[in-house]
Structure formats: structure tokens, C-alpha cells
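K.L.:
Chain by chain, the residues run as shown.
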Amino acid sequence: MIAVLALALLAASLVGVSVRTRPARASDLYAASREVSPWWNASAISGEYISAAAFLGMAGLVLAYGADMLWLPIGAAAGHVVLLTLVTAPLRRSGAYTLSDFAAWRLGSRTVRHAVSGCVVIIGWFYLLPQFQGAGVTLSVISGLPVWSGGVVVVLAVAALVLSGGMRSITGVQAVQFWLKLIAVVVPGLIFLAIWRLQNDADVARTPYFHRPTTVTAGASAGIQLTTPAVVAVRGVLDGRRHHGERVLLAAGTHRVRSGARLRFPAGAAVPHTSRLALLRGDRWATPFAGGRNHPLAATYSVLLAVLLGTMGLPHLIVRFYSNACGRTARRTASLVVLMLATFCLFPALFGALGRLYTPELLMTGETDATLLMLPHRILPGLAGDLLTILVATGAFAAFASTSCGVVVAVSGTLSQGFGGGTTRFRLAALVTMAVPLVLAALTCAPQSTALITLAFSVAASSLCPLLVLGVWWWRLTPAGAVAGVLAGGGPATAAGLVRILSGQRTGWLGMLIEQPALVTVPLGFGVMIAVSLLTRSSVPAHTSRAMARMHVPEEATSERPA
Amino acid sequence: MLVTSADALLAAASAVTVGAAGWSLCAMRQHTGRGALADEATFSALHTVSVASTSLRAGLTEDSARKAVRHLRHLLGVPVVAVTDTERLLVWEGGIAHSDSTLRLAEPVLTAGRPRVIVRELDPCGDPGCQVRVAMIAPLTIDGRVAGALAAYTEKARFQRLRILGEVARWMSGQLELAELDSSKARLMEAEMRALRAQISPHFVYNSLTTIASFVRTDPERARELVLDFADFARYSFRNPRDFTTLAEELRSIDRYLLLERARFGDERLRFSVEIAPEVLPVAVPFLSLQPLVENAIRHGMECGMQRFHVRIVARDAGAEAAISLEDDGVGMDPDKLRSLLETGDGSGPARGIGLLNVDDRLRQVYGEEYGLVIETAVGAGMKVSLRVPKCHTGLSPG
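One line per chain: the protein sequences are A and B, in this order.
The first sequence: position 177 = 201 (our numbering), numbered continuously.
The second sequence: position 396 = 407 (our numbering), numbered continuously.
Extracted from the complex, chain A is given alone in its bound form (with noise of 0.2 Å):
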């Protein structure tokens, strides 16, 4: 019912807008070719960057990991600096549309090229893994729907908006998409907050308890670890019996429950947690670097590092710069875009800390990404409640359908020019780019969508980002050290990614350099790069000086434009 009145409602303001903002039947030329503002674009990119992880992941990780999580969304803000410092501008001048003709220009070389092709493609499809499981997780929560065929619905639904044509890159959509989304968040923010306050009946310095009765479905078998032993009324298979609503003497330790099994808890019993999390007292949980996790300080500069860096390489953002007459506006929009995403990436970390307190058998079923959809119902029962779930999931599904209809609009592109374009190539593209992060997810062992989106970020930011940031910087950058440097760096990370899709969680430094292996792989992707262009100075491509002029002298000063 839910689902079906948040996607009523999206689908209505989506409607509007359209009609809206449609390209004026104007009989004034004049009027009609008024370009976009930088106000009016960023809004359309932040609407873009905003994913159903960051929308609905990121609230999950704050909930399960704590402080150290407050560095993705710092991450996401201030990549946009940097992208904003290095890249924009010059980016803009140089007249490429997206990363690839970037480098085929700079460059002058066909093989570079295609280097850069394929990573936006591999960034493409690590992007959508966490999109499509995320709003799987997502669906099934508000519908009761099991998760692959949310799933399924999630990749149809998407199927349908990027081959109809529907969902294409009008700025206006996605700009309103963004404002949707920052609603979704800050109205239901705001109250929250209030009520917590109000009442004040949540202690946060304890471990995790129930406030009042709850009964928990556990979605998947998995095994639960109680720190205090708790008397619970079950119904289904726990430790390997089965149980009719009867009380049971649960002992503090691990214990294994399959799936369907419903457990009714007392107030005030504290949380078990799914053995996949460790355990956290409130103090410690806010507390940066206390998460159990491998080689926190190593891995916090890694993801910041990857999500720092990796920014510039989403294909789908990059082509948004374009829509900018020059330079100057380019840059304009970027800083607009810091704040945006500066305002929105308050809350996430605010959902978290209030998910630990109002939904803490999260933690036990491990479906962390459902924190924001449960939220209303928990701190305002009733009606108030529907209305404001309506809104969040609203805002959920229109970040599921911006963002990855933009992804797969922007790699299907990418992988259509190689099969050398045209309509037909471009949807059998588009199928080909759905269909493998799906068939990844369904290999998938990672539970939390947002985990894997820093895979995304980490090759983007090893492969991508030492060519954008040299090939705009750097005089002898070569076609040779660009290609050694992208697959130095991206194949790594790519190998890393796929490792910790495929296998699962591991242990020590190598466990830590397989979830987050930017730490290692960007510099070495610089290093390569940087070497390898030195070993071949003799190939620095003949038309470098009026690359670089084209991208850092102001178009102001190339051109004389009427007043």
C-alpha cells in the first residue's frame, strides 16, 4: 500500500515537472535559448549523485558501524571539492562530452580511448550492484516482497524508463528529484529529532535495548550473538528446534535462527546482534576507530581516499558539466553542488543515531539499509507515521530511479559508441549493462548495499582520476604512461572489488586492502602513470600545448562575444 502511494507520488511529481518544464513552445527564440543555470544544473547533479545507497545505505552503516562511517558522507561532500578545484573547469573548455572523448582528444590516441571506456564501464556496473540490491532491500521492506524479486521489479522498472526514452537527461527532472529527495529527508529529520527530544525516553549511552515490545522476523537464517541472556517468546526454528509461541531462556552466546522465525523480545531486553556486527556500547560506537573493524585508521584513509578521489569518474555526473555554456559556469554549478550535497549528508548520520535508538533490531536481522523506511512508524505510530514512510519511501525511489537510470543511460552510451552506435546498439547496451550487476548481486555475500558502493569509488579514483587530474595538470602526460596507468591502477581494484563481492568478508591487512584498496592502488596508479610517461617523453602527443591552452585560458580571453 505504501509503495504504492510513494510511487503515485513520484510518478505524479514527475509528471508535473515534465510538462513543466518542457521545452517551451515559445514563438520568442530569444527566451527559448536561455541556458541552463548553473542553480538550476546543480541541482540535477546532486539529484543524480544522491543514490538509493547514499539515501538509504548510509543511515544502515552510521546505525551498524558508528563514527567511522561520518567520513562517507564528509567523503561524498568533499569529493565534489576536489572535483570542483582540479577538474571542472577545464574539463568544460576542452568541449568533451564525456571521460572517454576526453582522452581520446587529450591524448589523440585510440587505445586510451578504449582503456577509459572499459573502466567507465566496470565503474558503471559496481555502481549499479548497490543500487539494485539497495532497492531490492528497499522494496521488500515496504511490501513484503521477497528481496530478489524486488530485485527484479527494481531492474524492470528501470528497464522500462531508460529504453522508452523516458528518464533521459532532462536537467529539470532530475533537479526536482533532487529537492524531492532533500525533503524526504529534512521534513522527516527535523520531527524526529523533536520527538526524541521531547520525550527523552532513550538512553544513548547504552548497548542497544528495546524500548518497548517487539517481535522481530528474521528475513534470512543466520546466527544472532546476545550479550545478556533474555527471555523470548519464538515461533519458527531457533538453535535447530522448533517452537509454538512458547517462552524461551535465550543464554548470552551465539545462536542460530532460520529464516521465518519470529521472535517477540520485552522492553528493555537488550539488542542481539546478527554475528556479522560486533557489538557496540553507545560511547564506543560513537567513538571513531572503535567498530572491531580490520585496520580502522588504514581503512578510514582508504575510503576517503576512494570516495575523495573517485568522484570525478562517475560517468553520469561528468556528462551533466556540459549543459554549462563555459568554463566559469561549469565551476559555478560544482560549488553550487558542494552545498547541496553538504546540506543533505547531515542526515544520514542524524537517521543513524536515531535507527539505534527507535529500530535497533536492525542490528539483528542485519537489514540495516531498512533504518529510514522504519523509522516514522517507530517515533510517530499511526497516521503521522504512514504519511511521513510515504515521503521517505518517495524520496527513496526517486533516488533508485535518478541515479541509476543515469548510470545506465551514461554506460550503455559508453558501451554503444564501442559497438559503434545507433538506437539498437544503444538498448542492447543498456540490457547488457542491468543484466550484470544483477546477475553479481545474486552472487553477492555483502549484506549493506552501501559497503560496495566504495568499489565504485575505489576504481574510479585509481583508474580515472589519475588521468583526469594529470591529463589536465600535466604537461608529459604520454598515451603509453595513460594506459599502463589506468590499468595499474583499475585492475587492481577491480580485482579487489570483485574478490570481496564474490568471497566474502576476510581478515588482517589483506582483508582491509581487499574492502577498501584505494590506499595502495591510486598511488599506484599516479605512480605508473607518472613513470611510465617519463620512460616514453619522446611520445608526448604533438598537439599538448594547445590542449592545455584550451583548457586553462578563460574562454573570455579566446573569444571576443558580443555584449
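Honestly, the hints are just simulated from the structure, not real lab data.
Computed from a predicted structure; not experimentally measured.
Where is the CB? At the ideal position from N, CA and C, for every residue including glycine.
Just so you know, not all the hints are guaranteed correct.
Stated by the list, open to error - A few chain A residues that face chain B, going by a derived Cβ cut-off under 8 Å, partial list only: (1) R58; (2) A120; (3) Y121; (4) S347; (5) N348.
With chain A fixed as given, assemble chain B onto it according to the hints.
P.N.:
Just chain B, lined up with the frame of chain A:
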């Protein structure tokens, strides 16, 4: 440039064909067991020649000379080969010593245009194993003018070798002439483009001025505005040293053009509507690529006595391209007639088509063969001209 690259492709393809033919010939002869050695030599010579010709088609530059000479050294069977143009040494292949004297030795060849053998003038380097003892230099000519020299150095002068050198130099000259042809073809296209750019239709100038004149007394304010529009339009057409402008600016120029035309025909008779996706406004388009299409529609689609004429301009965002179309509800044209007009490029008939043809040529030249105009028309059914423009235009040379 598309033309050059197509020719290079052709050259490469022919090189492969020559190679393949030589190889199969060689294989056949080997099969029969006779003359295999001679065929092998023929094949390797032909192969070398065809490989070297690809690089020479880029003209006589340091880069092309270096690539070609690498192969030619084997063909000539000499240890050292050098190529100069009229001013400097372009490449010296094989060893390092003696390279500085080349230009001095080649000087008489460059002025007289005749081959020369030099035995005594070479500076002895004292190395008994030095193979640079005799220089044979032959001129490279393009259209009868000496453009450079090919020099071969050996230990002993031999008449046979000199003849081979002469033939190779002649063949190189042929290739360089072809390269010159390529570049002059491109220059011609460019000149045509510039001519078109500088050209505002004289009809338009005359009509605009008479229209403005008619307003001078009745509505001086409007006349003043129209004069300013005319000036702006003219400035746009004359200005711009670069070959590209943005779609937004092109549309602004069309706006001024339409203002003048509407003043002439009246707002009721000439109507237009536009539908522009704001995302495609910054797309770079060849200068004056849309305005001639509008002008064409009005000049030829609008028949005398027509009460209403409607022009519609649509620009949509289509992924990596912008899709632009211009539609009018005028008299249209017989498709076969239009086709023959466009194919012959004949300017003598009804002038409709010249503007189209030129825009079509330029689009194909800039973006590639698949980016030409698509025209849908029939007699009495108006005309729709569609074109696609890739958003990224950096595929051209940067700058």
C-alpha cells in the same frame, strides 16, 4: 580531416592488397618451384614500398620521413640514408657521424634538381670501418619544384645503386605529390567554407534595406531597431575567426534574421515556433550551419501569395548527440528533383538546394559521412530538414 584519413585508409588498404598479392604470387611460384628467389625479391621490394607509402602520404615532415626511411634503407641496401627538405635535415637513419654535412652536400642538388654522387668531399672521420665514404643524392620534386633530397651513403659508388636511388626518389616524389593533392583538396574545402561564411545573401541585404526604408517614416523607432538587428546579424556573419559557434549563438543569429524577415512579410504571414532543450544550447556547431537552412526554407518554401507560412525549429537532447530539425509547411519539393539537385550540386537551376548542399557538405566534412542532412519533403507537403550534431567536437584537432 576526413578526406585525408579516408585516403590514408585507402593507401593502407592498397598496401595490404599489394602485399597480399605479392605473397600469393610468391606462394604460387614457390609451388611451381621456379624463380622463387627473384619473386621473393620482388615481393619484399613491393612490400617495403607499400609500407613506406602510407607514411609519405602525410607529406614531407620529420615524422613521415623518419617512418618511411626506416623501410627505404633496406630497399636501397645502403647503411645510411638521409632525407632533407629545402632548409634542413629531416632524418638521418643509421649511425650518427657525418650527419651535419648533409645539407651542404645536398645544396647543389636542391638548386639544380639533378642527382649527384660525392666521393671526395666527405670529411674523413678516421674510422677505418666507417661506411660513410660515398654519398649519392637525388632530388625529391613536387610538381616540378624541388622540395627536398634523398641521400644514400655507402662505401663504394655503384652505377646500379645510383639508378635504384633515382627510381626511389622518383617514387617518393609521386607519393609527396599525392600528399600535396590531399592537402590542397582540404584547403579548397576550407576556402569554400570561408567564402560561404562571408556571404550574406544579396537578396537578403536588398530586401532588408527596402523593408527598413519603408518603416523609416511610418515607424522610425522600429526602423532604428531593425537597423540595429541588421548590424548585429551582419557582425555575426563577418565575425568569428573560429569555425565553430554554439547552438545558442546560432539561434540568436536566426532570431535576428527572422526579425528582419518578419518585418518584411508581416508577423501574421510568417510565423515560427521553437522547441529547444536547454541542455543542447552549449553544443558546438559549425558556424552558420542552421541559418542557411532557415533562409532556404523562407526563400523557397514560401510561395508568392501564400497567406501563412510556419517555420518550426526543434532541438532535442539525444544522449551524446543533439538532434535538430527545421520544418516548414511551404510548397515543398519533388524528392527526385531535390535528389538530382543535391547530387549534381548544380547551381544553375532553381537555387533551392545550394544552401542545403553546402551545409550538408560541411557537416559531413566536420563530423563524418553519417552526419549529413536528412531531408523529408514532397510537393505541397512542406519540408523537414533534420541533422544530428555530436556534443563532443574535440575529435577534431584541439585548439
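K.L.:
So which of those numbered hints doesn't the model satisfy?
P.N.:
none
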